[in-house]
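Student: Chain by chain, the residues:
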Amino acid sequence: MTIRLLASDWLASRFRLTGDRELELPEGASAADAAQAAGLPEAEIGIHVVNGAKAAPETLLKEGDTIKFLPWIIGG
Amino acid sequence: MIYEKYIRVLYVNLATGKIEIRQREDLYAYLGGVGVASKLLEEEMRADLPPTAPEQPIVFACGAATTIFPVLTKTVAMFVSPLTGELGESYAGGRMALTMFMAGYDAIVVSGKASRPVYLAINTNDVALKDARQLWAQGSDETGRIIREREPGGGKRSIIRIGQAGENGVSFASVCVDTYRHFGRLGLGAIFGSKLLKAISIIGGRNVPIRNFKDYWKTYQDIYKKCTDTDMMAKYHDLGTPINVEPLSVSGGLPTKNLSAGTFEHAGEISGEKFARQNLVRKLACTGCPVGCIHIGQIRREFDKGFEFEAVAVGYDYELIYSLGSFLGIKTTDEILHLIEVVEELGMDAMSAGVVMGWATEAFTKGLVGVEQTLVPLEFGNGPNYAAALRHLAAGTNAFYRDLGRGAAKAAKVYGGEDFAMTIGGNEMPGYHTGYGSLVGAAVGARHSHLCNGGYSIDQSKKEFEINALVDGLFKEEKERCMLNSLIICLFARKVYDRPTIIAALNSIGRPVDDGELTAIAERIYRTKLRIKQKLGFDQNAVKLPKRFFDTVSATGKLDEKVAYEAIRLYTEKTRVLLAADTEVK
Chain A
1 MTIRLLASDW LASRFRLTGD RELELPEGAS AADAAQAAGL PEAEIGIHVV NGAKAAPETL
61 LKEGDTIKFL PWIIGG
Chain B
1 MIYEKYIRVL YVNLATGKIE IRQREDLYAY LGGVGVASKL LEEEMRADLP PTAPEQPIVF
61 ACGAATTIFP VLTKTVAMFV SPLTGELGES YAGGRMALTM FMAGYDAIVV SGKASRPVYL
121 AINTNDVALK DARQLWAQGS DETGRIIRER EPGGGKRSII RIGQAGENGV SFASVCVDTY
181 RHFGRLGLGA IFGSKLLKAI SIIGGRNVPI RNFKDYWKTY QDIYKKCTDT DMMAKYHDLG
241 TPINVEPLSV SGGLPTKNLS AGTFEHAGEI SGEKFARQNL VRKLACTGCP VGCIHIGQIR
301 REFDKGFEFE AVAVGYDYEL IYSLGSFLGI KTTDEILHLI EVVEELGMDA MSAGVVMGWA
361 TEAFTKGLVG VEQTLVPLEF GNGPNYAAAL RHLAAGTNAF YRDLGRGAAK AAKVYGGEDF
421 AMTIGGNEMP GYHTGYGSLV GAAVGARHSH LCNGGYSIDQ SKKEFEINAL VDGLFKEEKE
481 RCMLNSLIIC LFARKVYDRP TIIAALNSIG RPVDDGELTA IAERIYRTKL RIKQKLGFDQ
541 NAVKLPKRFF DTVSATGKLD EKVAYEAIRL YTEKTRVLLA ADTEVK
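Heads up: the protein sequence lines correspond to chains A and B, in order. Sequential numbering of the first sequence, starting at 1, is according to our numbering. Sequential numbering of the second sequence, starting at 1, is according to our numbering.
Take the hints with a grain of salt, since some may be wrong.
As the list claims (entries may be wrong) - If the Cβ cut is set under 8 angstroms, some of the chain A residues that face chain B in the computed set are: (1) 6; (2) 14; (3) 66; (4) 74.
To be verified - Partial list, derived from the structure: chain B residues whose beta carbon lies under 7 angstroms from chain A: (5) 235; (6) 237; (7) 243; (8) 247; (9) 250; (10) 251; (11) 273; (12) 368; (13) 371; (14) 372; (15) 451; (16) 461; (17) 492.
Said to hold, decoys possible - When the alpha-carbon atoms are kept at most 30 angstroms apart in a straight line, the in silico DSS-like pairs for lysine-lysine are as follows: (18) 462/B with 62/A; (19) 331/B with 574/B; (20) 54/A with 130/B; (21) 54/A with 413/B.
Quick caveat, the hints were computed from the structure, so don't treat them as lab data. All C-beta atoms in this analysis are idealised placements derived from N, C-alpha and C, irrespective of residue type, glycine included.
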C-alpha cells in the first residue's frame with residue numbers, strides 16, 4: 001500500500017529525510033513500521049500522527065493514509 | 001568557594017548601607033546554589049511580615065561548580081513570593097553566575113529598604129549603593145544601557161534590573177538579567193521595587209586557577225563532548241523549546257484560549273519551525289554553555305508616522321509562545337513577538353502576564369467585568385488590545401488592573417471566575433496540560449512550577465498511569481533537582497549530568513563527594529524548602545485546583561478531580577515522612 005509521509009521539519013533535517021513523500025509499505029504495516037521505513041529511529045519519535053490525529057505506534061495503516069512523526073516534548 | 005570549606009556571603013542592608021562579608025563554614029553542607037540560598041532565606045526571612053516588608057531578604061546564590069564545567073550557568077534567587085505568599089525561587093542564566101564567582105561571592109543577601117531609588121554596584125574589591133533616581137520609571141532596556149555606561153567592564157559584567165511593573169508592585173514582576181534572561185517567576189521584581197532597588201551590577205575580576213588540571217580537563221572534555229557531539233542537546237540549539245508547540249497541540253496538551261481547549265487550530269502558524277523560518281536571526285548562549293539555546297527573533301516596529309520602522313530583536317521560548325500566543329488565541333509569530341517585547345519592556349513574568357490576561361478575557365466575555373474596568377475590549381486573538389491591557393496592568397491604571405496585578409487567583413476572588421483562573425498553588429499555570437504529572441507536579445512542587453519535578457515528562461513517558469508510580473516519580477525528581485540546583489545545572493542538560501558525572505566533576509575540583517552524600521544533600525535542601533513553606537503558612541492539602549483543569553481533556557485524557565487530590569495527599573504524606581526523619585541540627 002502507499003501512504004504519504006509528512007516529515008516534521010526538525011526530524012527531517014536531523015535525519016536527512018527528503019521531505020514529504022510517498023512510502024510503499026506491506027499490508028498490515030503499522031505507524032512504527034512506517035517510521036522504520038522512513039529511516040527514523042523510534043526512540044526519537046514522541047508522537048505518531050495518522051491522518052492528522054495522535055495515534056499509537058502500533059496503529060495499523062491503510063492505503064492513502066498520511067503519517068507524520070513529531071519529536072518528544074523538551075524542556076527543563 | 002572552590003577549594004575552600006566555606007561559603008562566602010555578601011550581606012547588604014539597603015536601609016543602613018551596612019555591607020558585610022561572612023565566610024560561613026556551616027553552609028558547606030548545602031553545597032551551593034539553592035541549598036545555600038534556601039538556608040539563608042530560612043535564616044533571614046520574617047514569617048510574621050508580608051513579602052514586601054523592608055525586612056524581607058532577597059538571596060542570590062551561584063552554584064558549587066558555577067561555569068567551571070559546561071552548562072552550569074545559572075543563578076538562583078530566593079525570596080518570599082508576593083504572588084503566592086510563600087517560597088519564592090527563580091533561576092536565571094546570562095552572565096550573573098560567572099560574575100558572582102569571579103567577584104568572589106557564593107551568595108548575596110540584600111535586605112532593608114533604601115531611602116531613595118538605588119542600584120547596587122558590586123565589584124571584586126568594592127561594593128557600593130548608587131543613586132538610581134534617574135533610572136526610576138525607565139524601562140528595562142534603557143536601564144541596562146545607562147548602567148553599562150556607568151559601570152564599564154564588558155564580558156565579565158552582569159546587570160540585572162526591573163521595569164515599571166516591579167516599581168509598581170505587580171506581584172509577578174520579573175527581573176531582567178543581561179537583556180535576554182530573567183528571574184521570571186513568582187515576583188522577584190516586586191520585591192526589588194518594594195526596596196527601591198532598581199538594579200544590581202556585578203563585575204568580577206578574580207581568577208581561580210584549577211589545581212588538578214589533568215583530572216579536571218578530562219572530566220570537562222567528557223561533559224563538553226556529550227553536549228556538543230551527541231544528540232542530547234541538539235533540539236535545544238536547533239529550534240529550542242518552541243519545538244514543543246506542534247506535538248503539544250496535536251496531543252491536546254497545548255493550553256489554548258484560557259485552557260478552554262488543549263489544541264490550537266493555528267498551532268502550525270506559531271510552531272518552532274514557523275518562528276525559525278520567519279523571525280529567527282540569532283542564537284545566543286549563557287556564559288559557560290556550549291549549546292546556545294537562546295533564540296532571538298526579529299520583528300519590524302513602526303515607531304513614528306511617515307513609514308518610520310525599526311528592527312526589534314526579542315528572545316522567544318516555548319513558555320512565552322504558549323502564554324502570549326495560544327493561551328490568548330494569538331495566531332502569528334509577529335504578534336507574539338510584539339507582546340513579548342511589551343512584557344520585556346514593562347518587566348513582567350510572561351507566563352503569569354499571559355495567564356492573567358486569559359482569565360481577564362473570559363471574565364470580560366462572561367460579563368464579570370466590563371469595559372469600564374478593562375478599558376479596552378478583551379477578546380482572544382486581539383494582539384493590539386492585549387498590548388494596551390498589559391500596559392495598564394504594569395501601570396496599575398485602575399482598581400481592576402491593580403487587582404489583576406496580584407495574580408489571576410486573587411483577581412478571581414474579587415470578580416468571580418475562580419473555576420477558570422488558571423493557577424496552581426497561586427502561581428499561573430505552565431504551558432503543559434499533559435495529564436496528572438503536569439498538574440499534580442506543579443501543585444506539589446516547592447515553587448509550583450513545571451521545573452520543580454518535570455511532571456509533564458512523566459506524562460509523555462507512554463507508561464500506563466498508576467497513582468503511586470506518579471507520586472514516587474515526582475517525589476524522586478523533586479529531591480534530585482534540589483541537588484542539581486545546588487550546582488546549578490541548566491536543567492536542559494540534566495541528562496548529561498548523571499550522578500557519576502557529577503561526582504567526577506566535583507571530585508576533580510577538590511570537593512570530594514559520593515553518591516550517598518549527594519542524596520543526603522538533596523534531602524537536606526528539600527527539607528529546608530519544606531520548612532520554609534510551613535513557616536510561611538503553606539498547607540499542601542489546602543491547594544484548590546480550578547475546575548477547568550478537569551473539564552478540558554488533557555493530552556492523556558480527561559482528568560479526575562478525586563485522583564488529582566488523592567495524588568497530592570499521597571505526596572504530602574511523603575514530605576511529612578521526610579521532614580519527620582530529619583535528625584540534623586538546624
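Student: Residue 331/B and residue 574/B were given as a pair; does the straight-line alpha-carbon distance stay at or below 30 angstroms?
Tutor: Violated. Residue 331/B to residue 574/B sits at ~43 angstroms, over the 30 angstroms cutoff.
Student: For the hint on residue 243/B, does the least C-beta distance to chain A fall short of 7 angstroms?
Tutor: The hint holds - residue 243/B has a Cβ within 7 angstroms of chain A, the shortest such distance being about 6 angstroms.
Student: Holds or violated: the hint that residue 66/A contacts chain B, with Cβ atoms closer than 8 angstroms.
Tutor: 13 angstroms, violated
Student: Under 7 angstroms is the threshold here; is the Cβ of residue 250/B close enough to any Cβ of chain A for the hint to stand?
Tutor: 5 angstroms, holds
Student: Does the closest beta carbon of chain B sit nearer than 8 angstroms to the beta carbon of residue 74/A?
Tutor: Holds, about 5 angstroms.
Student: What's the verdict on residue 462/B and residue 62/A, does the C-alpha distance respect the 30 angstroms limit or exceed it?
Tutor: 24 angstroms, holds
Student: Can we keep the residue 451/B interface hint, with Cβ of chain A closer than 7 angstroms?
Tutor: The hint holds - residue 451/B has a Cβ within 7 angstroms of chain A, the shortest such distance being about 5 angstroms.
Student: Given residue 235/B was flagged as interface, is its beta-carbon under 7 angstroms from a beta-carbon of chain A?
Tutor: Holds. Min distance 5 angstroms.
Student: Under 7 angstroms is the threshold here; is the Cβ of residue 371/B close enough to any Cβ of chain A for the hint to stand?
Tutor: 37 angstroms, violated
Student: Does residue 237/B pass the interface check with chain A, least Cβ-Cβ distance below 7 angstroms?
Tutor: 11 angstroms, violated
Student: Does the CB of residue 372/B sit less than 7 angstroms away from some CB of chain A?
Tutor: 40 angstroms, violated
Student: Would you check the hint for residue 54/A and residue 130/B, treating anything up to 30 angstroms between C-alpha atoms as holding?
Tutor: 57 angstroms, violated
Of the numbered hints stated above, those contradicted by the structure are hints 1, 3, 6, 12, 13, 14, 16, 19, 20, 21, listed in ascending order.
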